[in-house]
Amino acid sequence: MDDWPQIDSVVLTSLQHWFHTPLQLQAAFDDENGCSILLHGLFPDMVDEDVRNLAAGLVHWQSTQSSNFKRLRRSLADEALFRLPPSRAGDIQVQYTAISQSSTVMVLEMAAKKKQRKYKEESADARAKKTEDDRKRYTILLSNVMKQAALPVAKLIDTLEDPASGWLHLFAARRANTLKNRYKSWKPFQSWLELHRGLHFPESCKDIIDYMQCRVDDGCGKTVPESFSTVLNLLETLGRVPQDQQLSRDPLWLGHVKSWTAELSADSPPRRPAEMYTTAMLVSLEILVCNEDEFLYKRALAWVILVMVWAALRCDDVQSILPHRSLLSNFGLKLLLGKTKTTGPDKAQKEIVAHVYRTISLTGCDWLGTGYQLWSQDQLAYRRDYLVMEPNFDWSGVRRKFVTPTGLSSLIRRVLGELQVPVKQGLDWTLTPGALLLPDGLEFHFSGHSPRNYLTSVAALLGFSKDMRAYLGRWAIGMTSSEEYVRTARQVVYKIQQCVNRSLVEGLVDEYFEDEAIDSLCAYAEAHGANPRRIRKRHTVMNNLTGRHCLGGTFPTLEVRSGDWDDVQDLTDEQMALLHEKAFEVAASLDEQSTGDAAVPPKYFVTISRRGNHRKKMLTESGKDAQGFDRASGAMDEQQQKEFISEHMDSDLQFVLSDNGVSLGAQVAVARRYGTLRKFRALGDTRAEIRLACLQDFAIPQDNPADRAETAAIVSSWEVAQEFIAKETEIRAEAKVLGQPRTLQVHERQAMVKAVEAVYGVLQESETPSVEYLSVKAEETETNEPVAASLDEVSSRKDSTTSQMQTGLDSTGHIRITKTKVKSKLPSNTEEYRRAMRVEMYAWLCMAARYKAKAWLHGLTAAPFNRFVDFILGEKVYNIHVPSLVGDGQTRVKPDWGIILSFEHRLRKEAFKLVVRDGTTLADALNQVIHDAEMKETYFTTPVALRAAMTSQADPPQQKWLRPNTKGTGKFQSSNYKGKGKSSKGKGKEVRKELQGLTLAWRTPDNRELCFSYNTGSCDGKCNRVHQCRVKGCYGDHPAIKHKEVTGNAWKVEADSIIQQWG
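According to UniProt numbering, the stretch in the sequence shown is residues 1 to 1063, in order.
Please keep in mind that the hints were generated in silico from the structure rather than gathered at the bench.
All values reported here derive from a predicted model rather than from experimental measurement.
All the given hints hold, so there is nothing to weed out.
In silico DSBU-like links for lysine-lysine, alpha-carbon gap of 30 Å or less: (1) Lys206 / Lys180; (2) Lys679 / Lys754; (3) Lys298 / Lys339; (4) Lys852 / Lys642; (5) Lys1044 / Lys894; (6) Lys495 / Lys341.
Generate the whole structure from the sequences, applying the supplied hints.
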């Protein structure tokens, strides 16, 4: 266990020296007092304030890690009960740990992993946990103040069975920020009181008045006296100090507080509201949301800013939005806010809703729908209890970590600082590249409350009453009952938003002039060294060309057809939410349909039951398209279901669901939201949660045997998915340690092959990639480093090759584990080449089916591979023809087979270079390389021409050692150079006439053995050697004894023709 508390590193090192394990540390104290005594003993020079803070952190750590401590104790008990007798030999685990910790590489790797822990993904309730942790921390700190002061409540809580829980519950439902502000107001006074009075709590008004007088003399803020009085009253009230003894109620103290507040307020600048956005900023934000060339996170955050403007939200409100309960329908955007400053489980209003009208737009861009689709993408639509997460380093994606409201305000400022100047060209709005709306740091003129101030201010200028404007910022919660607010809020908000939108686009009788907002921005620009005239010109987008001060457009800027609206005003909120959700799903899955001029009949009718008056919305015949697709429920026929599953679900999940008997309809429902195996596995943590998801997400009611069986199949699939992912993780770790490509699991391999067979038919054994080759390609795909394998490494299931592990000693005496692979032979003819390329093609198609998230595999089919093979074996390479020197005919040039294989391997290498280097898809890369004339000339045309010339001009091989024509002196010399008395029938081998004058080789260029018997025409075909021509530079598919017959004297004609054609 390595869960040490997150405290100062120096202090933690000392604690680790004394307490070897966290279990020992947590057993060293039982409560806050015991922890303080322990810290005083260990760190006698530490000041009391640091001791209190450290003790609070350790007590909080002890309470939150209780379950881990319990599990550790259980494991220690199991080890004690089931342990073998100790041996005399040393513990190999201890020796390994000592060696690994002394290795520099291991130490650096451990440090890197420790640094990366903070970047792990947070849980779905990260915001709630952080808030609760902060609340417990400041609760403990304020409780310590009461304990040190020995207030009456301390003795009362000590009598409880669980005093620690009593202290946590003492502060009731106060928010974490409230307790934090209270402690920050008390902490300076605590230090001052200990230094000047030697006390932990004030004893008379003299103590608090003298302290506050010092703060006022030093020039504190105007809210400091009131804040200190508030925290003093809190401690005395909760500490059960009698009212007649409470210093916070003393008239002398209250008089001083009022006097100090008045003095400080007179000297401080007046409080002004947050600065308003200009209309030009809203126009630029709308265009930014719809600009597909911008980064994903920047567009998504621009959508959040616009929602904040039209829904009057603060940064804290945005981080209270529950994304999984938000909804976009034909009526508008409905955002549900969970726990906020005024709402929550402990408040009168549990939840609250913010609304944005569907057709709100100043430019005609559907920014609301486009942005909602952005936030519905997989990387942004994960389960959480906040809306905005952290971006990655270049804003092209996200990190699943909570952003504080202060951090969100900083991110918004960055987006504002990069906004470009909008310009109206005809009827459309465009952005001016390079011209910024807020240059020179002017984005700091606006704060996190600025978006909330825009709509309310414009509504006030247009004459809306205060009571109506109270619904915009949800201030009406405290003015009306909860039920009345829910019924009235949406209509009021929609009315104000439409009126403001119309006023800005085409103007109203009460016109809106934004001179005040622009003047304030220009004044800020001038004060910070910017050109105010340039800023005014860039932000002035409203004019009087139409007779009214407006943008000069036509309202509404977005057209809404009558057939798109559903009359569901009389339905309940639950029914309406369900209809909205279905409408959005169907609209996202259907292409836009063109409508005629004829009247469109209604798509729905409503039935009312006789008992209970239950309303039910039914689909008419006009609600179905020509293919029988049900627009309301999303029903499809069997073929459409299979196509939808194939497009939206990965092969692993298809295999798991099919293997467990999940119906096609349920698979379609799963594919709509959970298209990957890992996402499906994260659907829930328990079987009960999965059953609930079947009811809520997949609409399986479980009220009959068939539906219960369907639910059981999905639950079984979920359990299998857990096992598969766990096993996959284990195999990945083992393969990484051994340096081997990870072995594909059975379900992965079968799922990939089944997906390919579903499109291209059943694969023969000689066409199906082997398990080992699929594993290698999977490893390359996962690391985004695809490699063009040599054709002798491409193995099918029929001629499967296996990797072998061998051990040996290196030069240092260490044992090294190496892997060797038995290669197959290179293709010797066109049919073998076609078969090898089919295996290669199906291997990459399996990868495309498995890894849908890899952009470079998108759109990959068999067509690019077939075109590539046809190019190699077609009239441009293998069957190339050149003009004949005699007549008008064509002479076929038969290039060397080795050159052809080398050329096609070079083309595939270049294709994968384009994939890795330029981000080109594999399909496009294969098409590009076959049209590359430079590569063809370098790696095919020139080698073929030179090879032909070299073969014809090669001289007969010279003997290394020349034997003289004499043997001894004075002896009879035989003309056949045999020994004395030997005839011409000795043992010397006679060179065949067909091989005379040829340079023969005994290995291929890739170091494979050639068959001598084949080249002399006497091989029986069982030698397992390469059957190619032994003549150096030829290596053709004919024996060496037929080399002269095959080649003849045609080399001159071929060489001259080739040089004339490509030279």
